[in-house]
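2 protein chains.
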Amino acid sequence: MEKIIYPHKEDWSKLQERTFETYEALEKAVRPILRRVQREGDKALRSFVFKYDRVRIKRFQLTPEELAEASNHVSDELKEAINVAKYNIATFHLTQTKAVKKIETTEGVFSWQKNVPIAKVGLYVPSTGDAPLYSHILMMGILANIAGCKEIILCSAANHEGRIHPIILYTAHLLNIKKVYRVGGVQAIAAMAYGTETIPKVDKIFGPSNEYVSTAKQLVSKNDVAIDMPVGPSELCYVADQSTNPVYAAADILAHAEQSSHNQLVVLTNAEEVADKIQAEVDKQLNELPLKKEVAKEVFKNAKIIVFKSNVESIAFANEYAPENLVLAIDNAEAVGDRITNASSIHLGHLTPPAVGYYAAGPNHILPSNGFARSYSGLSVDSFVKKINFQQVTPLGLQNVGSTVATMSEAEELLGRKNSIIKRLELLD
Amino acid sequence: MEKIIYPHKEDWSKLQERTFETYEALEKAVRPILRRVQREGDKALRSFVFKYDRVRIKRFQLTPEELAEASNHVSDELKEAINVAKYNIATFHLTQTKAVKKIETTEGVFSWQKNVPIAKVGLYVPSTGDAPLYSHILMMGILANIAGCKEIILCSAANHEGRIHPIILYTAHLLNIKKVYRVGGVQAIAAMAYGTETIPKVDKIFGPSNEYVSTAKQLVSKNDVAIDMPVGPSELCYVADQSTNPVYAAADILAHAEQSSHNQLVVLTNAEEVADKIQAEVDKQLNELPLKKEVAKEVFKNAKIIVFKSNVESIAFANEYAPENLVLAIDNAEAVGDRITNASSIHLGHLTPPAVGYYAAGPNHILPSNGFARSYSGLSVDSFVKKINFQQVTPLGLQNVGSTVATMSEAEELLGRKNSIIKRLELLD
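Note that the protein sequences, when read in sequence, are chains X and R.
Residues 1 to 429 in UniProt numbering are what the first sequence lists, from first letter to last.
Residues 1 to 429 in UniProt numbering are what the second sequence lists, from first letter to last.
Rather than coming from a laboratory, the hints here were simulated on the basis of the structure.
Don't take every hint at face value.
For identical chains, the list gives no copy identity; a pair is met inside one copy or between any two copies.
Derived pair list, reagent style EDC-like, types lysine to aspartate or glutamate, alpha-carbon separation capped at 16 Å [claimed, not checked]:
| # | residue 1 | residue 2 |
| --- | --- | --- |
| 1 | Lys114 | Asp338 |
| 2 | Lys51 | Glu161 |
| 3 | Lys222 | Glu27 |
| 4 | Lys293 | Glu77 |
| 5 | Lys101 | Asp338 |
| 6 | Lys297 | Glu2 |
| 7 | Lys102 | Glu334 |
| 8 | Lys120 | Asp130 |
| 9 | Lys79 | Asp11 |
| 10 | Lys3 | Asp53 |
| 11 | Lys28 | Asp11 |
| 12 | Lys301 | Asp429 |
| 13 | Lys120 | Glu320 |
| 14 | Lys293 | Asp283 |
| 15 | Lys222 | Glu294 |
| 16 | Lys79 | Asp53 |
| 17 | Lys114 | Glu334 |
| 18 | Lys150 | Glu273 |
| 19 | Lys293 | Glu413 |
With the sequences and hints as input, model every part of the structure.
Structural data, given as structure tokens:
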């Protein structure tokens, strides 16, 4: 981690920059894959899966038996843990849905809003090596179930033997996801956006992803399908001071760093000695623990540990940075948390490692990054519904609101609208 | 309008296609404008405004005096109408916000969600000729005020004399929008996305638009700023049967057709005689009324009136078409409305012309189109906030949920996360 001491305010925006590939290069790589899948369907899918995943897939879709059978390969301990997480995630998200009940804005003018599930949703589950990232399925599938989506499909890359990890299949089965396909990467996004002979076109695509898949999602979202949000590499912004336990801090930092070599990391503190203690403890744990060391070291190349003159400055910096995950590992975390205006998810105090929020606290872990915490929210049940507006006018209502509408449409020089009121009022009289 | 009788099910998707320019051509036109504004700021803005709007603008921003003074040029009748609309729109949207209160998902594990206003929002108000489309400002500005956005800026093209219509300025002033800029089109989107010397960069851009501005919004949304939704040309899907009054139907259809030559129009009915009556009445009103006839005729070139065998078929077609605006001009409209799964806004019955919903019923009129009603919602207060997740764990909470998190992270082969739990539990004991 690069240590930076008392940066000038005018250098902050430079320090807040994320480091990754430019968009144009990614688009150039992604476009031809999208086009070919759109044109050639399953044939193109097979060819890209062979090229990128080095496996020949004959049958993309798993059978109901394969999904059900996966349960035999998952330990009872993990099943129990998944159940706890599922309960907490469902409890949190069940409080989210809200429709607008029928209201009468003017006498005789009724309006309301109805939540209608998005019919067909596609969940993308990335694979990192052979690790089954099944927790993403919980974060998407539980919400799709709460919303009531009719068709939930899931795409994930198979390994060299054409196998999807049983924990992925078990979790999908647990959440009643019946259509699971052995395809990952850009080609999976293309398949869900355009549809192929075997994979249905969906209305909205969800899921975290690397830069290529993210680019693919953004490209297909222009015209063909909705996407959840622009998800980039994961981010951790860690605020520490003299009250922070360096052992906890180092553990949280390493947990973030080993997760993906693209991950972004910024540690903010109010004293150089705190920075040095954390750095020393990071080095120590990195050597002692069974971590993905090469991945973590890659993250540390671009990571920064910044010393400010006060916690107030750290917080001001964090608000400008707008991180995906913000840890306030300080004494008065809840009060400080109230002053955060830009962050996707905040982990408060000394005993709230991001890992708890990530798996089991209840809130969602699929969150905007790359500065989009300024304007986007994390996944919610609302991400799986659309809200339909209704309006209904009675004869009295039309008499009450008619002149308002006529006057307003005339001012916009749209006399047809005024006429649609007048024609009715004439016949009502 | 082209009349189509009893189309085969397999031809429906063809009939549901929208007609407009392809994306690639639009991007080619839009990209250079975005790039130049990003590089050259105000200088580029000035040059594009001169090129496209034929006016030389020295000072983009209006003064507080200019905004306040506009009130003198708006009639009391219109002010009163705007007030009624403002009250109804606010009443409807005030019921929309909801945060997740603090809940305890596992004993000692607390989580909640807070609505935080998006700090800087940019509202785009298109101009059609000299008509002041001020109702869009109500639909965006009232929501931004309810959400509590700190900085609200507004961009709209000036006319040949460098003037923005006083009704636009009056409405902005009424909603406490202090920063109004004389710039429209793609260059306005670029200015709000990247910032220039005089126009601040915003976090999210809102507003209806033509295809060029829509394309610009989608392009800048990749990396630089959020946007409200992919808004395309306005759409009307009109369901009529023997109970429909052809005079009302024709008035509504003409109101939609004269609004913009890009507008999409589909009339669905269960009997050819109904189709013919409506067509005859459209022709009659088109000749009698003071409408924008050339605009309407352009819309009718691509419009369709489709005869099905029953209302049930009409409704099935409407659900597949997923229109922006759906009128159910039939007797049992509310019951039928309950069976709609894809539409942005539904106008129920014989006395609910879309004009009422458009201006004054309460619901928003900035709505997804081009089939995105399948997956997007119209503007809501949530469009102007982001939801921050919070989690906080007590010592008891960590003991309760610790093993769940440890087990789950181990299964994802992320031992750093497990370690962040263990290090804490060790020290707690």
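Right, here's what the structure says about each hint:
Proximity of Lys114 and Asp338 under a CA criterion of 16 Å is satisfied inter-copy only: 9 Å between copies versus 32 Å inside one chain copy. In this assembly of identical chains, the alpha carbons of Lys51 and Glu161 lie at most 16 Å apart only when taken from the same copy (14 Å versus 60 Å across copies). Within a single copy, Lys222 and Glu27 get their C-alpha atoms as close as 13 Å, and across copies as close as 11 Å, so both meet the 16 Å cut-off. Taking identical chains as interchangeable, the C-alpha atoms of Lys293 and Glu77 are never at most 16 Å apart, the minima being 27 Å within one chain and 72 Å between chains.
In this assembly of identical chains, the alpha carbons of Lys101 and Asp338 lie at most 16 Å apart only when taken from different copies (14 Å versus 31 Å within one copy). For a Cα distance limit of 16 Å, the shortest separation of Lys297 from Glu2 inside one copy, 12 Å, qualifies, whereas the shortest one across copies, 65 Å, does not. With identical chains, the CA atoms of Lys102 and Glu334 are at most 16 Å apart between copies only, with a shortest distance of 12 Å across copies and 37 Å within one. For the identical chains of this complex, Lys120 and Asp130 are neighbours neither inside a copy (28 Å) nor across copies (42 Å), given an alpha-carbon limit of 16 Å.
In this homomeric assembly, Lys79 and Asp11 never come within 16 Å of each other (Cα to Cα): the closest approach is 48 Å inside a single copy and 48 Å across copies. In this assembly of identical chains, Lys3 and Asp53 lie within 16 Å of each other by CA distance neither inside one copy nor across copies; the values are 39 Å within and 51 Å between. Taking the shortest alpha-carbon separations for Lys28 and Asp11, neither the intra-copy value of 32 Å nor the inter-copy value of 35 Å comes in at or below 16 Å. For the homomeric pair Lys301 and Asp429, neither the shortest alpha-carbon distance inside one copy (77 Å) nor that between copies (35 Å) is at most 16 Å.
For the homomeric pair Lys120 and Glu320, the shortest alpha-carbon distance between copies (13 Å) is at most 16 Å, but the shortest distance inside one copy (37 Å) is not. When the C-alpha separation of Lys293 and Asp283 is checked against a cutoff of 16 Å, the pair qualifies only within one copy, where the shortest distance is 11 Å, while the shortest distance between copies is 75 Å. In this assembly of identical chains, Lys222 and Glu294 lie within 16 Å of each other by CA distance neither inside one copy nor across copies; the values are 37 Å within and 30 Å between. Taking the closest pair of Cα atoms, Lys79 and Asp53 never come within 16 Å of each other, the shortest separation being 29 Å inside a single copy and 64 Å across copies.
Proximity of Lys114 and Glu334 under a CA criterion of 16 Å is satisfied inter-copy only: 12 Å between copies versus 35 Å inside one chain copy. Proximity of Lys150 to Glu273 under the C-alpha cut-off of 16 Å is found in neither arrangement, the shortest distances being 55 Å within a copy and 37 Å between copies. Proximity of Lys293 to Glu413 under the C-alpha cut-off of 16 Å is restricted to the inter-copy arrangement: shortest distance 13 Å between copies versus 67 Å within a copy.
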